[in-house]
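*Asks:* Top to bottom, those sequences are chains B, L, F and V.
Just so you know, the numbering used here puts 132 at position 132 of the first sequence, and the rest follows in order with no gaps.
Just so you know, the numbering used here puts 173 at position 173 of the second sequence, and the rest follows in order with no gaps.
Just so you know, the numbering used here puts 215 at position 215 of the third sequence, and the rest follows in order with no gaps.
Just so you know, the numbering used here puts 132 at position 132 of the fourth sequence, and the rest follows in order with no gaps.
These are computed hints drawn from the structure, not numbers from a lab.
Just so you know, these numbers come straight off a predicted model, no measurement behind them.
Where is the CB? At the ideal position from N, CA and C, for every residue including glycine.
Please note that the accuracy of each hint is not assured.
[Stated by the list, open to error] DSBU-like mimics (lysine-lysine), calculated; alpha carbons at most 30 Å apart, straight line: (1) Lys-205/V to Lys-307/F; (2) Lys-154/F to Lys-145/L; (3) Lys-48/L to Lys-301/L; (4) Lys-7/F to Lys-380/B; (5) Lys-191/B to Lys-4/B; (6) Lys-229/B to Lys-258/B; (7) Lys-11/F to Lys-205/V; (8) Lys-179/V to Lys-119/B; (9) Lys-119/B to Lys-282/B.
[Stated by the list, open to error] FRET-style restraints, in silico, Cβ to Cβ: (10) Thr-288/L to Thr-86/V: 21 to 31 Å; (11) Lys-179/F to Gly-19/B: 20 to 30 Å; (12) Asp-51/L to Thr-34/V: 23 to 33 Å; (13) Leu-8/F to Phe-17/B: 19 to 29 Å; (14) Glu-476/B to Lys-309/V: 28 to 38 Å; (15) Lys-274/B to Arg-206/F: 29 to 39 Å; (16) Asn-203/F to Val-169/V: 43 to 53 Å; (17) Ala-172/V to Glu-476/B: 46 to 56 Å.
Residues per chain are reported as follows:
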Amino acid sequence: MADKKLILELENITKIFPGVKALDNVKLEIYEGEVHALCGENGAGKSTLMKIISGAQEYTSGNMRYQGKNVKFSSTKEAQELGISMIYQEFNLIPHLTVAENIFLGRYPVSKRGIIDWKKMNQDAIDLIAKVGMNISPKKLVKDLSVAEAQMIEISKCLSINSKVIIMDEPTAALTDEEIECLFDIIENLKKENIAIIYISHRMNEIFRITDRVTIFRDGKFINSMLTKDTDHDEIVRLMVGSDLTNLYPKRDYVRSKEVVFEAKNIVYKNSIKDVSFKLYKGEILGIAGLLGSGNILLSKLLAGYYGDYDGEVLIKGKKAKIKNPAQALSKGIFVVSDDRKNEGLVLVRNVKENISLASLKSIMSNGLLSDKKDMEMSKKEIDKLNIKVSSPHQIVGNLSGGNQQKVVFGKMLETNPEIIFLNEPTRGIDIGAKAEIYNIMHELTKQGISIVLITSDLPELIGMSDRGLVMREGEVAASISKDKLTQENVLSYAAGAGGVE
Amino acid sequence: GQKANDTSKEDDNSKDGGTKQIKIGLSMNTLNNPFFVDVSNGAKKGAKDNDVELFVTDAQNQPSKQQTDVENLLQKDLDLLIIDPCDSDAIVAAIETANEKDVPVITIDRAAKGGEVVAHMGFNAIHSGNIAGEYLVDVLNGKGKIVEIMGIMGTNVAQDRSKGFNEIVDKTEGFEVVATQSANFDRAEAMKVMENILQANAEIDGVYAANDEMALGALEAIEAAGRLDEIVLIGCDAIDPSLEAIRGDKLEATIAEPPFFLGKNAVLMGLDYINGKEIEKNIILDSTLVTKDNVDDIVTKEE
Amino acid sequence: MKKLGLKLLTKYRTVSVLVLILIIATCLSNSFLTFNNLLNVIRQVSIIAIIASGMTFVILTGGIDLSVGSIVAISGALSAYTLLNTNSVVLAIIVALIVGSICGAFNGIIITKGNLPPFIATLAVMTFVRGFVLVFTNGSPIAARMKAYNFIGKGYLFGIPFPIIILIVVFAIGFFILKYTAFGRSVFSIGGNREATRLSGINVKRVETLVYTISGLLAGLTGLILTARLGSAQPTAGKGYELDAIAAVILGGTSLSGGQGAIIPTVFGALILGVLDNILVLIDVNPFASDIVKGFVILLAVLADSKFKSVSSKLDE
Amino acid sequence: MKKLGLKLLTKYRTVSVLVLILIIATCLSNSFLTFNNLLNVIRQVSIIAIIASGMTFVILTGGIDLSVGSIVAISGALSAYTLLNTNSVVLAIIVALIVGSICGAFNGIIITKGNLPPFIATLAVMTFVRGFVLVFTNGSPIAARMKAYNFIGKGYLFGIPFPIIILIVVFAIGFFILKYTAFGRSVFSIGGNREATRLSGINVKRVETLVYTISGLLAGLTGLILTARLGSAQPTAGKGYELDAIAAVILGGTSLSGGQGAIIPTVFGALILGVLDNILVLIDVNPFASDIVKGFVILLAVLADSKFKSVSSKLDE
Ligand SMILES: Nc1ncnc2c1ncn2[C@@H]1O[C@H](COP(=O)(O)OP(=O)(O)OP(=O)(O)O)[C@@H](O)[C@H]1O
Ligand SMILES: [Mg+2]
Ligand SMILES: [Mg+2]
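Hey, can you work out the whole structure from these sequences and the hints?
*Replies:* Now the structure itself:
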């Protein structure tokens, strides 16, 4: 890096939240034109540091130098004006405004008299959206976008700001491969323009594909910083987790049971699901892949009664079942882990304990009343089992890092004693150590006879965990793939509608 | 509780009436108070007896609502409009609107400060306050600790009654006003206010509540505190329950401004005007002090 | 030690603000800090506090109930009417409670089935019910005089005014329900995230309907107490109580956006308002000016509350 | 074609409900659908509608302003006082607008700087300002009679009542601001997601302060019109206007939780309420019963609105 200029330098940054020391004397050096990976477990302090750099949060103590000058931002605007912008980990879009407005929020193109130039704004938005390889009308409301589309809009928004440093906090967590490729192209171009990128992701392969250097944090402390080409997967994981991680995926030796626990026949829903049928065997992990808009996530929620009635038939253990609402699904042992944990999974303003027991209040009752003791025991059990990082079960869920929030959802799911689980993007935004734990839990669950439908855009995960795969395309099952033929090429090819690759 | 179905009966009358029926509008300042409910009942009686179609509105003590009410009433080809104004100033605009449409206006209860009115009929609220003050001077021999409970602050009656009462109190040297509070003409609120006043004042000799509703509320508080004997209480309006309380030696006095006859006479006078008879321009009805001595002679309404 | 004190102070913010006001009130008037006056204040406050306890449930779910004032009037009127016509105290009590519950349930049903914004739905019901009261009473009070009946509003048990006892029982039950029943737990969680709660298998609409029913029931109870106290049902009873009740809930620290709060502080919120009314009369502030003082003190109270809150989050560090 | 019709109907839900009510009103009374009566209704409505336009801004940011009614009174009173003492119409107008703006700005500042819930903060200001009006006027109205001044409330321009012209101008400006200025867009975005808006570099607190100032300014304007119309400033003026204004905004389809809505439908929401008042008098509904009818119709209106909404979301699919 001798030929590159240092653009951003942080020294001894400490950030204290009520009850938590999120950052403890950390440092970070960013050079022009480099892609710099920031790695660390959930809650290691990555997002917090990024928010400090982008002016969204203030730091408790330390020193920040940008382009050789000491700076301390008190708003994101100040940072933006100096050329630092950020794609936040959580969505920062306004649901009832249009795509174009969201992109230009706070920086609307205005005429001389201060009047917003809608025409220009929409035109500019079209160009920016095209730049990220999407085709979305700028007049569409953001609330009508899918999660991945929304993420791409976040990216466009960030690109519309003239920046020298761009921070991307888990930009790919909600994307499928197609959009990820597009993002990587964009990153390559930015690099050519000598723009520095700080890149956070829990997907190791991405780190090695696009980053030049990597910095590792653990528990709010700086651990190490090195050239990506000088290190390897195992070393990064060891530095992140603090110990070796040998196998990410458990070794599955599933032999198909004779018992079909769940069967969907000719499911039809509006124009989105067209005649889908599949079977799920006892103890099986069935992966359902599909590109954006293929309907796989919708299907799972539909079957769990999220949207009321639909056409078609469902058999649970051979018996006809009509599930019209989530309560009925739960009573039949079906639980769906939503891909949208903030809106559909958690009550963010309540504490960990209450969230874990929410779907199984019956089991913390004694004599018809909620028992504090049982409630505590339940959450302690899940906190231990899932290794959730919390200061106490009374901690507000909204203050947890995303990965730990996801584990809370898992805890809640486990406590309902489900027999059939639909997992939507179960490891989105989860660190590699936690991923391994979750895979292990899935494995254990199936050994106890629980069946899992795994819906994920993370293909290695789908392939690593599934005993069988379905590929959905435009609301239909395009292919059913057995374990031995379950490869990335095959899945992608079916998903794109091209038939299998042998 | 007797139900209000007079209006529907009137409608029936209007339908079999062969000749063109006389239409009179009555814009009331409020109907949330028994006094004014009686005004409108009297008017209804007067209208019913003479086969007049009467339209009543309730301004809920808001001058602007009353303006709206009058405008809406004027859309109906009235022969005459009777207004019980929320406020003397604010009603002028509404009266002028009626003048423009050549609809004659009679004001009742409270006079307007402008516009053309064919007649006014009412009580003198300041005078009524005077009577209350004078009564307390009489029974307390001009000496003692006095409490005043006012009506809805900022409304005309409340202002005038208070003014009249204080005219007397101010010139009575032996009187000390220990509390002046408002209870919005409301019984429950008066009870609460009186409870608090009783807590603060070990000695109270006389209480003036600006209407009987508040007097009855204050009475509840005084009775519960066991101080009925030491306090002289006077209300205003002479509504039935307070007459009852006077008979039962709980309330000392009230002031009769029989609202029923105000309403009835206003309609009768309006009819006279419509029929081309001479009418008096300004009629002030008598306010009479009601005590145990004359409580049984007081006629406040007719069936 | 000092830190612990500060911590307690800020954790019990509403109480702290109340105590502050109590101290000031004591300095301002000799009559204030007497046993009798305190009982007097609490008895007066019980009216708003009981309504506010139901309102706490509603607000915790993220809703609002503007109809409580009108429900107070209708249940009082029908209760008095029943008493007058049947001479049965028991029946009169039952009528008040049932009428309140029915109005509340009606709120709940139109809001959940019709998918209506609670603000406008309960505003419509408020108007509607008030009209019904006026028609029913023909605008005149209905007398309700019978010893046993009036006891509910005026009586004493063990030297304590009966309304205060009702108040204590209501809050104890409310606290218990929120803390120890699945229903109570759902109330919080619906306010925090309605969809996530529904997806957790909880019948959100039923809980919401129940919450409005409780609010109605407690407004009915208040109507009963008020009528029993006055010995008369007023057609104008309860006007404006909704705003006082909501203010008490918010002063108690419960968030209008739902999901966060507690019921016990609500009673202190109501006490802040009640003590204010009391002391303003005790020191005989000019009634015209008393609104100025009242508005000002409420403002100071919420400001203090907000200050305490930020101090308390700093103390956690 | 039919679908297009249905789509328009549901897109303009508030108008559709209003038209429905207009048709019914026309059937019920001959006097209703006359040019004079319609002008009459709109002029009456202008009072609430202008306040409601400011309230729309506030509600779009997710806030609420309960103080508007009191602001109407204080600006009316000070305006009348100025007129009486200076005989200057211009000064009287300026005073009304400035007083309104100052009160509104005060709301905005305490809410943003003090981090207070808007409901309780504006409730306190409502009480405070009302007390101030009472003290200032000593409880009595202040006459305001001068031709040029009264023109604002009673005059006609091109045969149209002047308040209606003000109404149109206010809504046109409001529409323009919300659609074509960065400030207007921030109003929506704060209501949609306050934190995200902050992170986008928008000065959220400044926008919020401005929004309450606008609401205060328009309440001041309303106080001016009302005083000019009545020829007198009432100490009780504007009581309860806050609820009517909020109802108009919600009937106009703007969501109380913020971020969603529009200003033009607010005027139709206000018209629904105004036409209701008008027709109830025209067909001579017993004033006691009129609240029943009014509550009932508001309920039907929101139910229809909610129905239209669900139809429209189905049509989108
Ligand atoms: N506002 C807050 N209040 C309290 N604690 C907070 C707050 N924000 C972050 N934290 C805590 O700070 C720590 C660091 O969080 P941060 O979000 O930076 O982690 P992260 O490395 O981004 O994790 P993840 O990989 O899950 O995104 C966590 O323990 C988190 O709970
Ligand atoms: Mg993070
Ligand atoms: Mg995270």
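*Asks:* Next, verify each hint and record whether it holds.
*Replies:* Evaluated hints:
no., hint, verdict
1, Lys-205/V to Lys-307/F, "18 Å, holds"
2, Lys-154/F to Lys-145/L, "27 Å, holds"
3, Lys-48/L to Lys-301/L, "15 Å, holds"
4, Lys-7/F to Lys-380/B, "26 Å, holds"
5, Lys-191/B to Lys-4/B, "12 Å, holds"
6, Lys-229/B to Lys-258/B, "49 Å, violated"
7, Lys-11/F to Lys-205/V, "27 Å, holds"
8, Lys-179/V to Lys-119/B, "13 Å, holds"
9, Lys-119/B to Lys-282/B, "57 Å, violated"
10, Thr-288/L to Thr-86/V: 21 to 31 Å, "46 Å, violated"
11, Lys-179/F to Gly-19/B: 20 to 30 Å, "24 Å, holds"
12, Asp-51/L to Thr-34/V: 23 to 33 Å, "28 Å, holds"
13, Leu-8/F to Phe-17/B: 19 to 29 Å, "22 Å, holds"
14, Glu-476/B to Lys-309/V: 28 to 38 Å, "32 Å, holds"
15, Lys-274/B to Arg-206/F: 29 to 39 Å, "35 Å, holds"
16, Asn-203/F to Val-169/V: 43 to 53 Å, "50 Å, holds"
17, Ala-172/V to Glu-476/B: 46 to 56 Å, "51 Å, holds"
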